[in-house]
Amino acid sequence: MSQARKERWTAFLILLPSIILLAIFVYGFIAWTARVSMSAWDGIVPDYTWVGFENYNRLFTKAGGVSAIRFRIDLWNTFFFTILFLLGCVVVGMFLAILLDQHVRGEGIFRTAYLFPMSLSFVVTGVVWQWIFAPGAPGRPRGINALLGTLGLEQLQWPWFISTESIGPFHLALIPLIIAAAWQMTGYTMAMYLAGLRGIPEELREAARVDGATEVHIYRSIIMPMLRPITLSALIVLGHISLKIFDLIYTMTGKGPGFVTDVPSIFMFETTFQGNHYAQGAAISIIMLFMVAFVVVPYLVTSLRGEVER
Amino acid sequence: MRNNRVWYLMFALALLSVLVLSACAAPAAAPVAPAEEEAAPAAPAEEEAAPAEGGGELEIFSWWTAGGEAEGLNAMYEVLSAQDPGLEIINATVAGGAGSNAKAVLATRMQSGDPPDSFQVHAGHELIDTWVVADAMESVTFIFEENGWMDAYPPGVIDIISSDGEIWSVPVNIHRSNVLWYNKGVFADNGLEPPVTFDDFFAAADVLQEAGIVPMAQGDDGVWAAVHLFEDVLLGVMGPELYSGLWTGETDWNGPEVTAALETYARMMDYVNEDHAAIDWTQAAQMVVDGDAATLIMGDWVAGYFTSLGLVPDEDYGYMPSPGTDGSFMMLSDSFGLPKGAPNRDNAIHWLTVAGSLEGQDAFNPLKGSIPARTDGDRSLYDTYLLSAMDDFASNEITASLAHGAAASEGWVTAFSDAMTLFVADLDVATAQANMAQACVDVGVCAE
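Residue numbers (this note's numbering), protein chains in the order written: chain P, 1 to 310; chain C, 311 to 758.
Don't take each hint at face value.
[To be verified] Capping the alpha-carbon separation at 25 Å, the derived lysine to aspartate or glutamate pairs in DMTMM-like fashion look like this:
no., chain 1, residue 1, chain 2, residue 2
1, P, LYS62, C, ASP562
2, C, LYS650, P, ASP42
3, P, LYS62, C, GLU758
4, P, LYS62, C, ASP445
5, C, LYS650, C, ASP445
Because the hints were derived from the structure by calculation, they are not lab data.
Let the hints inform the model, and build the full structure from the sequences given.
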C-alpha cells in the first residue's frame, strides 16, 4: 500500500516540472494572447484597454478595410492549400508505399530517396522551389518555364506563383506551393503506409488468394480498410502543419501580388512584427489556434477514449 | 529497486533546478556586464575626472553586416577609438534585409528593459512613431546644440528627425529614393533622350517596347519596391508640397492628384517586365545592366550595386531624378538614437557626437555608398554619382520617403503596403484610393 503510494508520488514529482512549464509557457501564454487580442494594444507600448471582440470584428467585417479583405483571402487560401496538400500526400504516399511493398530490388535506396526531403527544413525547400518555379518573362524564361521552352512546350509556360488567375476563390498561384509542400511531406506518408503494409500478416493475403481474390481485390477490400487508422493519423499530423504553415510560403513567395499566396501566419507576422499592431496579431493567432484545435481535438478525444476503454 | 527510485527523484530535482536556474539566468545575464562596469570605476577617483574618455563599454545595435555598410560602420568605430582608446565597442549586429530581423530583436530588448547604448533606426517617423511616442528615447537636441550642428544639417532634415520641438536621432547618411537609372547604350541605340516628365517617359516607353526592350525594370517581390515606385510617382504627379501634406493630413487622399498618380502607376505597369512580382531590385537592376530593360526607378543603393559590378557612373549607366521630380530630393536616412536607460550613456553620447561629426560621416559614407547628412562633406572623397546627389541635396526641396520609414509610422507603412499588394494585382484605381484614404484615417492622421 505504502509502496504503491510512494511510487505514485515519485511519478508525480517527475512529471511536475513539465506540468509547471507547460502551464506557464503554453497555457499561460495562450491565455495572455487571448487577453491581448481583446485589448487596444497598437504600437510598441502595451495597452490593455478592453475592447472586446473589436479586433476580430475588423478581421471579418467591412470595418477592417484591407485587413478584412486580406484575411478572407487568407482563410480561403488555407482551406484550399490544406485540402489539396493532404490529398496529394495521402494519394502519392500510398501509391509509393504500395509500389515499394512489391519487394523491389534496392528498396532501401528508394525508401531513403523518398524520405530524404523530409529531413530538409521548409526554408530550404522554399528557396529551391522558388528557383524552380520562378517564371521569368517572355523571351527570358527561368526555371520550369525555361525547361518547357527547350522541350518546345511554350504553350504550357505560365507565371506560376505570381499568377493572379483564380477559379472562384481558389488562386492558381497556390499550385506550385502545394507541389513543393507535398514533395517534402510525401515521404512521411509513404513511410507510415509502408509500415502499415508490412504490419499486415502475409497469412491474410494468402487466405484471400486461396479464396480466389485478385491482387486488386485484396488491396481494395482487405489492405485499404486496415490502413484507415494510418490515414487518420497522417491527416492529423499533416493537417496541423498545413494550417499553420509559414516558413515554406514566406521563403518561397511571401504574400504574393493581390495576396494570392498569403496565409494567416504571414499576415500575423507582418501585422505584429512589422506594423506593431499587437492586438490584431494576437487575434489572428487565436483564430489560427482554433483552426488547429478544430482538427486535433476530435482526434485526441477519440484516441483518449480508446485508451480509457482499454 | 529502492535505489532506482532515489535516482529518479534526484534526476527530477536536478532537471527542475536547471530549468529554474536557466529561466532566471537569461534576463539576468545581460545587465551583469554594465553593472560590473559601473561598480568597478566607482571606487577610483579618476572616473569623475573625464567620464567621456573613461573607457568602459559601448554597445551599438545595427543591421549593417554586409559589404560596404559594415566597412563604413567600422570606419566610424575607428574614429571613435582614436579619440577614446580604452573604449570597448560591442558591435551588436543582426543580419536581415532592411533590418526586418533586427527590428524584432530590438523590440524584444527594449520591451524587456535591456536597451543597447545606441541603435540604428531609419530617421523620421519610424523612430518617432515607434519609440519616441513610447517614451523610450532621450532627446538629442543638446548634442546638436553643443556641437553647433543646427546649421550644418539642412532644415528639411532637421524637420524629418524632429517632433514636438525636439530632435530625436543623429542621421549618419542620406540616401535618395527618387532616381531613374538608365542604360545609356539602349537609349543611344534607339535615338532617345532620358525622360524628364511622365509624357517623355511614356513616349520613350512606346518606342522601346516596339524595339523589344522592356521599358522599365521593376522587382517588387515583397511589395516594398512597389511602395517605393508609387511614392516617386506621387511626388512626380503632385509635387513636393502636396506630397508632404499627405503625411500630415493636409493633402486629401481622396483628391484628384492621388487619382492621377494611381492612374499613372497603372499605366506604367503596362511597360514593366511581366515577372516583376517574382524578382527583387538587384535582379531588376541586372536587367538594366544586361540591356534587357532600359530604366529602373529605385534608390541610390543601385549605384553601390553597379559599382560592385565594376561599372562607372555617367559612362556605363546614366541617372536622373525620376519622372516629374526634378528639383525634389526624396530622402531616407539611417540614424542612431539614444534610448532611455542606456547602460553607458556617456559613451553613447560620445558615439553620437562622432556619428554626427564631419570626420565620422566622411569616414562612413564613401564606403557605404551614400552621402553625408551634413552639407559640408569633403567632396574629394565621393564619386560622380554621389557628388551629383550632394549638389541636389544642398539645393533641392527635401521630401521624406514613405517606403523607408521617413514619412510615416511602421503601422501606416504596413497598411499602405497591403493596399499596394492588392493594387499591383488588380490595378483598380478607385479601390486602391479608398484603401489608402482609409489607412490614413485608421492611423489617426486624417479625419474621417
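Which hints from the list above does the structure break, by number from lowest to highest?
4
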